[in-house]
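Engineer: Listed below are the residues making up each chain.
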Amino acid sequence: MSWETERLEKAKKIIQMYPQKRSALGPLLYLAQDKDGYITNESIIEISGLVGITEVQVQSVASFYSMYKQEPTGRYLLSVCKSISCEISNSSDVINKVKDFTGLGNNETDAESLFTYESVECIGACGGAPAIQVNYETVEGLTPDKVVDLCKWLKEDKPEIIVADELQEKFGGVKSFDWAIKENTGTSGPVPGFQTYETSKEKK
Amino acid sequence: MKETILLTKHMRENPEYSHLLKSYEKNGGYKAVQSLLKSGTPEAVLEEIKDSNIRGRGGAGFPTGVKWGFLAEDEERYLVVNGDESEPGTFKDRILLERDPHQLIEGMIITCFAANISKAFIYIRGEYAKPARRVQSAIEQAYEKRYLGKNIFGSSMNLDIVVHLGAGAYICGEETALLNSLEGRRGEPRLKPPFFPAVKGLYNKPTLVNNVETISSVPWIMSNSGKDYANLGVEGSTGTRIFSLSGHINNPGNYEIEMGSSFGEFVDSLGKGVKNKPIKAFIPGGASAPWLRGDQLDVKMTIDDVANEGSMLGSGAVVMMDQDTNLVLAAKSLVSFFAHESCGQCTPCREGTTWLENILERVSSGRGRMSDIDLLLDVCDNISPGLTWPPKMTTICPLGPSATASIVSLMKDFRSEVEVLLPKKVVIS
Numbered sequence: 271m272s273w274e275t276e277r278l279e280k281a282k283k284i285i286q287m288y289p290q291k292r293s294a295l296g297p298l299l300y301l302a303q304d305k306d307g308y309i310t311n312e313s314i315i316e317i318s319g320l321v322g323i324t325e326v327q328v329q330s331v332a333s334f335y336s337m338y339k340q341e342p343t344g345r346y347l348l349s350v351c352k353s354i355s356c357e358i359s360n361s362s363d364v365i366n367k368v369k370d371f372t373g374l375g376n377n378e379t380d381a382e383s384l385f386t387y388e389s390v391e392c393i394g395a396c397g398g399a400p401a402i403q404v405n406y407e408t409v410e411g412l413t414p415d416k417v418v419d420l421c422k423w424l425k426e427d428k429p430e431i432i433v434a435d436e437l438q439e440k441f442g443g444v445k446s447f448d449w450a451i452k453e454n455t456g457t458s459g460p461v462p463g464f465q466t467y468e469t470s471k472e473k474k
Numbered sequence: 124m125k126e127t128i129l130l131t132k133h134m135r136e137n138p139e140y141s142h143l144l145k146s147y148e149k150n151g152g153y154k155a156v157q158s159l160l161k162s163g164t165p166e167a168v169l170e171e172i173k174d175s176n177i178r179g180r181g182g183a184g185f186p187t188g189v190k191w192g193f194l195a196e197d198e199e200r201y202l203v204v205n206g207d208e209s210e211p212g213t214f215k216d217r218i219l220l221e222r223d224p225h226q227l228i229e230g231m232i233i234t235c236f237a238a239n240i241s242k243a244f245i246y247i248r249g250e251y252a253k254p255a256r257r258v259q260s261a262i263e264q265a266y267e268k269r270y271l272g273k274n275i276f277g278s279s280m281n282l283d284i285v286v287h288l289g290a291g292a293y294i295c296g297e298e299t300a301l302l303n304s305l306e307g308r309r310g311e312p313r314l315k316p317p318f319f320p321a322v323k324g325l326y327n328k329p330t331l332v333n334n335v336e337t338i339s340s341v342p343w344i345m346s347n348s349g350k351d352y353a354n355l356g357v358e359g360s361t362g363t364r365i366f367s368l369s370g371h372i373n374n375p376g377n378y379e380i381e382m383g384s385s386f387g388e389f390v391d392s393l394g395k396g397v398k399n400k401p402i403k404a405f406i407p408g409g410a411s412a413p414w415l416r417g418d419q420l421d422v423k424m425t426i427d428d429v430a431n432e433g434s435m436l437g438s439g440a441v442v443m444m445d446q447d448t449n450l451v452l453a454a455k456s457l458v459s460f461f462a463h464e465s466c467g468q469c470t471p472c473r474e475g476t477t478w479l480e481n482i483l484e485r486v487s488s489g490r491g492r493m494s495d496i497d498l499l500l501d502v503c504d505n506i507s508p509g510l511t512w513p514p515k516m517t518t519i520c521p522l523g524p525s526a527t528a529s530i531v532s533l534m535k536d537f538r539s540e541v542e543v544l545l546p547k548k549v550v551i552s
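Read top to bottom, the protein sequences are chains R and Y.
418 is the number that the working numbering gives to position 148 of the first sequence; each next residue is one higher, with no gaps.
315 is the number that the working numbering gives to position 192 of the second sequence; each next residue is one higher, with no gaps.
Treat the hints as calculated values from the structure; they're not laboratory data.
Ideal Cβ placement from N, Cα and C applies to all residues, glycine included.
Be careful, since some hints might not be right.
Computed footprint of chain R on chain Y; a stretch qualifies when at least three of its residues, placed anywhere within it, have a C-beta under 8 Å from a C-beta of chain R [what the hints assert, rightly or not]:
1. 137 to 149
2. 250 to 256
3. 284 to 292
4. 435 to 444
5. 497 to 508
What the simulated footprint calls covered on chain Y by chain R, stretch by stretch (three residues with Cβ under 8 Å from a Cβ of chain R suffice, anywhere in the stretch; the number is not a length) [unchecked claim]:
6. 201 to 214
7. 297 to 308
8. 453 to 466
Straight-line Cα separation of at most 27 Å, DSSO-like style, residue types lysine-lysine; simulated pairs [to be verified]:
9. Y:K273 <-> R:K283
10. R:K291 <-> R:K352
11. R:K291 <-> Y:K328
12. R:K445 <-> Y:K132
13. Y:K273 <-> R:K291
14. Y:K190 <-> Y:K350
15. Y:K132 <-> Y:K423
16. Y:K132 <-> R:K452
17. R:K445 <-> Y:K350
18. R:K280 <-> Y:K515
19. R:K445 <-> Y:K395
20. Y:K395 <-> R:K416
21. Y:K350 <-> Y:K423
22. R:K445 <-> Y:K400
23. Y:K398 <-> R:K416
24. Y:K328 <-> R:K471
25. Y:K547 <-> Y:K515
26. Y:K400 <-> R:K452
27. Y:K145 <-> R:K291
28. R:K445 <-> R:K367
29. R:K280 <-> R:K474
30. Y:K535 <-> R:K283
31. Y:K395 <-> Y:K350
32. Y:K273 <-> Y:K149
33. R:K352 <-> Y:K190
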């Protein structure tokens, strides 16, 4: 099934921002994933036509980057950092709690498609280590207990939109720096919320 | 020891509103660019930047004025701001993007004026969704006021800026990989020569690639002067720099300081000391930098002083590891990072980093072999012959050689921590 008119219109707008069509490939892959939760074959065919490269080329780029998902992801993508500052701040305790709670190994998704778990490299939250992201919204200064609370909250409340500030307020601790500016914009899937791609959502 | 606050002034004094155009302007923002567009010349800007002696803040520390001077003539040229900050330990660009996006935009306009560029990009790592949103809304505010677009500030200058999100590849912080990524390709570094960005960059056109912090420093330099900037810090490391301090530290965070004080002073005074004294080792400039020992805390925080100790100031990420740190696990975490982020183009890096990761995995879990120390060093030597710093290269970019830094540090200064994990020689009598 090819892309519906609305998504095609968005795609054309994105392509126009760049001097060469192919530059829009990355953003279009996000557009594909926003709707489907991962990069489907149909999207690869569609994007190849839109930017004028072969399907193999699209696939080759999509598979290079870890944020383009090759398989369906759950509603909440839990990305736990294991790089140096988190590692020496006991991130392994946080990782184990998330694994225990969800019963998932790296890059696995549960049967209900609720959680996908992945351990990731540095997310730039070293001053607030250990840190994780939920659908690319950051929460810093976690403890093993707090991360379980976070997972429970996601499972029970099933928030539609994930907002970094809300996560931090409810479950976070030490921060990398003073976030100061309150924001209620977030994401609703495994794609970074970014207004140009229309993947960011306001929480009311 | 005190901070010297230039780049973080506006955000600190206006914590609630520093992302807004109104607040930036109220505090003197966009004045430098306006007076430039009225009566300045590109040559004068380049002179100020050269006078400031500012060196790139992304990691390599290349003099910015020289870089701008290299940009080849062409009708089409581009500016690409590198906001792919992914070096473990580093979170300084995040604060500049999130809390003061207009300072970056003004810096970009001035840079484009100096280099006669009308199309610019900000490449922000995909995981920085929130900072990217702030930058995007700042750009939209600037377009509304006609500070971007056609005939900006009523002058004859045109400038469009596009925010482009990365997708989770550290290697795209390497400038030529970043350009490939921005062109919709795999983020694999290009060979230099011929692909020096200043000559053959984005779409094969001359391109300036500068770090977020470097470009964010430009408005201050132009509102004051290159000489004022050069008066801060020390020779060779002028101005202020935002250091990201993390690890076993009581008060982690971003600190803007003049370069030249010692790591020890920095940690004790601004970082409020480490948790369990003494410090066993520390990383002076991000995951790629060789470690320094706890008895090297008196080393001065300048690009050249750290280089003289056989390491680098890199991206300004300082990670402290106290006496309780398991350094083998720390090295394993660092090596795993490089193994995961290797783009796979060059064999020594692709195979070597994976070997290093596997060996450290078995050593740290008690399954090590007596020959593993030699094997680790041999693999490192195949990636970077001679194990010197700066490293010799067998690869297109420095990622692979950087992976050897932590292992060499471990073997040089903390070898007993590895040996204790290995089986003892069995003597049969």
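Engineer: For each hint, tell me whether it holds in the structure or not.
Structural biologist: Each hint, compared with the structure:
Using a Cβ-Cβ cut-off of 8 Å, 5 residues of the stretch 137 to 149 of chain Y lie near chain R, which meets the minimum of three, so the contact claim holds. With 6 residues bearing a CB less than 8 Å from a CB of chain R, the stretch 250 to 256 of chain Y meets the requirement of three and the coverage assertion stands. Given as covered by chain R, the stretch 284 to 292 of chain Y passes the check, having 8 residues with a CB less than 8 Å from a CB of that chain where 3 are the minimum. Under a criterion of three residues with beta carbons nearer than 8 Å to beta carbons of chain R, the stated coverage of the stretch 435 to 444 of chain Y is upheld, 3 such residues being counted.
With a cut-off of 8 Å between beta carbons, the stretch 497 to 508 of chain Y has 0 residues touching chain R; three or more are needed, and the interface restraint is violated. Requiring three or more residues with a Cβ within less than 8 Å of a Cβ of chain R, the coverage given for the stretch 201 to 214 of chain Y holds, as 7 such residues are present. Figure legend: the stretch 297 to 308 of chain Y, annotated as covered by chain R; annotation consistent (5 residues with Cβ-Cβ distances under 8 Å, at least 3 required). Only when three residues or more bring their CB closer than 8 Å to a CB of chain R does the claim for the stretch 453 to 466 of chain Y stand; here the count is 8, and the claim holds.
For a cut-off of 27 Å, the pair hint linking K273 (chain Y) to K283 (chain R) stands: about 19 Å separates their Cα positions. Taking the CA atoms of K291 (chain R) and K352 (chain R), the gap is near 36 Å; set against the 27 Å cutoff, the hint is violated. For the proposed pair K291 (chain R) and K328 (chain Y), the alpha carbon gap of about 16 Å is at most 27 Å, so the pair holds. With a C-alpha separation of about 19 Å, the suggested pair K445 (chain R) and K132 (chain Y) falls inside the 27 Å cut-off, and the hint holds.
Between the alpha carbons of K273 (chain Y) and K291 (chain R) the distance comes to roughly 22 Å, so the proposed pair stays at or under 27 Å and holds. With a C-alpha separation of about 19 Å, the suggested pairing of K190 (chain Y) with K350 (chain Y) holds against the 27 Å cut-off. Between K132 (chain Y) and K423 (chain Y), the direct Cα distance comes to roughly 25 Å. Compliance with the 27 Å bound is thereby established for this hinted pair. A threshold of 27 Å between alpha carbons decides the hint, and for K132 (chain Y) with K452 (chain R) the separation of about 19 Å falls inside it, so the pair holds.
Of the supplied pair hints, the one linking K445 (chain R) and K350 (chain Y) is violated, its CA atoms being roughly 35 Å apart against a limit of 27 Å. As the CA atoms of K280 (chain R) and K515 (chain Y) are separated by approximately 47 Å, the hinted pair breaks the 27 Å bound. With a C-alpha separation of about 16 Å, the suggested pairing of K445 (chain R) with K395 (chain Y) holds against the 27 Å cut-off. The straight-line distance between the Cα atoms of K395 (chain Y) and K416 (chain R) is roughly 26 Å, inside the 27 Å bound, and the hint therefore holds.
Proximity of K350 (chain Y) to K423 (chain Y) is assessed by CA-CA distance (about 23 Å); at most 27 Å being required, the pair is judged to hold. In summary, the hint linking K445 (chain R) to K400 (chain Y) is supported, as the alpha carbons are separated by about 23 Å, within the 27 Å threshold. Under the criterion of a C-alpha separation no larger than 27 Å, the hint pairing K398 (chain Y) with K416 (chain R) is consistent with the structure, at around 22 Å. In summary, the hint linking K328 (chain Y) to K471 (chain R) is not supported, as the alpha carbons are separated by about 36 Å, beyond the 27 Å threshold.
Among the hinted pairs, K547 (chain Y) with K515 (chain Y) is inconsistent with the structure: their alpha-carbon atoms are about 34 Å apart, more than 27 Å. Between K400 (chain Y) and K452 (chain R) the alpha-carbon distance is near 37 Å, which puts this suggested pair outside the 27 Å criterion. Simply put, K145 (chain Y) and K291 (chain R) have alpha-carbon atoms about 35 Å apart, too far for the 27 Å limit, and the pair is violated. For the hint pairing K445 (chain R) with K367 (chain R), the CA-to-CA distance comes to about 21 Å; that is within 27 Å, so the pair holds.
With a C-alpha separation of about 24 Å, the suggested pairing of K280 (chain R) with K474 (chain R) holds against the 27 Å cut-off. Distance hint between K535 (chain Y) and K283 (chain R) is unfulfilled; the C-alpha atoms sit about 55 Å from each other, more than 27 Å. Taking the CA atoms of K395 (chain Y) and K350 (chain Y), the gap is near 33 Å; set against the 27 Å cutoff, the hint is violated. In summary, the hint linking K273 (chain Y) to K149 (chain Y) is supported, as the alpha carbons are separated by about 24 Å, within the 27 Å threshold.
A distance of roughly 35 Å separates the Cα atoms of K352 (chain R) and K190 (chain Y); the hinted pair therefore is violated under the 27 Å criterion.
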